[in-house]
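A.B. asks: For the record, the sequence lines run as chains A and B. Just so it is clear: in the first sequence, position 123 is 123 by UniProt numbering, and no numbers are missing. Just so it is clear: in the second sequence, position 188 is 188 by UniProt numbering, and no numbers are missing.
Derived by calculation from the structure, the hints in this document are not laboratory data. There's no promise every hint is true.
With a Cα cut of at most 25 Å, we get these calculated BS3-like pairs of lysine-lysine [as the list claims (entries may be wrong)]:
| # | chain 1 | residue 1 | chain 2 | residue 2 |
| --- | --- | --- | --- | --- |
| 1 | B | Lys173 | B | Lys105 |
| 2 | A | Lys105 | B | Lys212 |
| 3 | A | Lys153 | A | Lys165 |
| 4 | B | Lys165 | B | Lys154 |
| 5 | B | Lys121 | B | Lys146 |
| 6 | B | Lys173 | A | Lys121 |
| 7 | B | Lys146 | A | Lys213 |
| 8 | A | Lys165 | A | Lys152 |
| 9 | B | Lys91 | A | Lys105 |
| 10 | B | Lys130 | A | Lys77 |
| 11 | A | Lys77 | B | Lys153 |
| 12 | A | Lys212 | B | Lys77 |
| 13 | A | Lys153 | A | Lys121 |
| 14 | A | Lys146 | A | Lys105 |
| 15 | A | Lys77 | B | Lys121 |
| 16 | B | Lys154 | B | Lys173 |
| 17 | A | Lys212 | B | Lys130 |
| 18 | A | Lys105 | A | Lys212 |
| 19 | A | Lys70 | B | Lys213 |
Here's a subset of chain A near chain B, in silico, CB distances under 8 Å, partners left out [claimed, not checked]:
| # | residue |
| --- | --- |
| 20 | Ala43 |
| 21 | Val126 |
| 22 | Ser127 |
| 23 | Pro151 |
| 24 | Glu155 |
| 25 | His175 |
| 26 | Leu179 |
| 27 | Ala187 |
| 28 | Gly214 |
Note that the structure is a prediction, hence the values are computed from the model and not measured. C-beta: ideal position from N, C-alpha, C; glycine also.
There are 2 protein chains.
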Amino acid sequence: MPAVDKLLLEEALQDSPQTRSLLSVFEEDAGTLTDYTNQLLQAMQRVYGAQNEMCLATQQLSKQLLAYEKQNFALGKGDEEVISTLHYFSKVVDELNVLHTELAKQLADTMVLPIIHFREKDLTEVSTLKDLFGLASNEHDLSMAKYSRLPKKKENEKVKTEVGKEVAAARRKQHLSSLQYYCALNALQYRKRVAMMEPMIGFAQGQINFFKKGAEMFSKHMDSFLSSVADMVER
Amino acid sequence: MPAVDKLLLEEALQDSPQTRSLLSVFEEDAGTLTDYTNQLLQAMQRVYGAQNEMCLATQQLSKQLLAYEKQNFALGKGDEEVISTLHYFSKVVDELNVLHTELAKQLADTMVLPIIHFREKDLTEVSTLKDLFGLASNEHDLSMAKYSRLPKKKENEKVKTEVGKEVAAARRKQHLSSLQYYCALNALQYRKRVAMMEPMIGFAQGQINFFKKGAEMFSKHMDSFLSSVADMVER
């Protein structure tokens, strides 16, 4: 593991084998980070998906509890008690659904979105700049080859000057794209740490919030209500 | 809505049109209850499924957080901090997974199983006894028809006696099956109330338990840890 922080921009113009070798280390790191980020995103989306499904499932359950009243049972004796109890449970499930919905939204905003943003912005930028740098390097190599194949005769001076200009232009282009590419790779190293931890901070804060509100909600009247319903059932 | 509690067993033998009419009311009620129970079970199974998926999703996320260390990043500078933070988060997700798993088990045992049991035992019993009662009634009708078609001549006395025995046997059989069927229908009315409320008591108790443990778990060290990680990220 090389003890370097970043690719030095002043090395970009010379483009030495040492610099190229260091560049390949940064590229490998970016590749590993891209793979890992995709897997992490997938795992986080699965958690988000489960949370979302819980919202839908509690919504359906609440509706189903209310639907008891509308069944038009042929024998309705004693049903008032069941209806009012199921109404109460439906409200409980609704309140729970509010908490689940809030958590789902929070997971989307503070866990899934930041990592999608990191992938779409930072990682995609690196990959785009890599392609541009590759193209510019190729162009530069081609113009160099063209220049070196020129005959040494004096009468070719004019052609030589022109190809020389081409080489210089290609080098400027390559230099510029390497500067941008190096910057993006350096920035990625800087962003990496935050990008890995930020979504989990969002996850944990969402859970803290969820459990706090849930504990408050259920501690209120639930215990006494539940024991009265349990009595009713055992009667 | 008839103001009756139950089918009177002493009416079963006479099998009057009034009793048949009351029976059909009980049957209609049982049919409505069967439909509603199936829908409620479906809604409850969806909640259980979402809870189960949350267990699997948190398990995968925890593993993925630990996997960061094993990525062999080409550039590992500053990674110790990321690794130890992700390890901590992985532990948090593991603890959360324990709570989710416990809730899933509780929902299975105290919400889904009781209503499955109600369907498989009580509702299926009624439906089976209905079929048996139908068969016995048919047999009785057939033997009655056979008896009524017998010629009135004196020399048929022996055949008459035999068919008469058949009718008596069929009536006994029908009487017995109607007694069982009436009992099951009466029991269903009694069980209905409990069967509807019991799963939701299980649901609510599971949630109370879940939020209580979750709030305890997250209130402990999480807040100070999170702010230190947030500081780290903003550094």
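A.B. asks: Need the list of violated hint numbers for this structure, in ascending order.
C.D. replies: Checked against the structure, the hints that fail are numbers 1, 5, 6, 7, 11, 12, 13, 14, 16, 17, 19, 21, 22, 23, 24, 25, 26 and 27, while the rest are satisfied.
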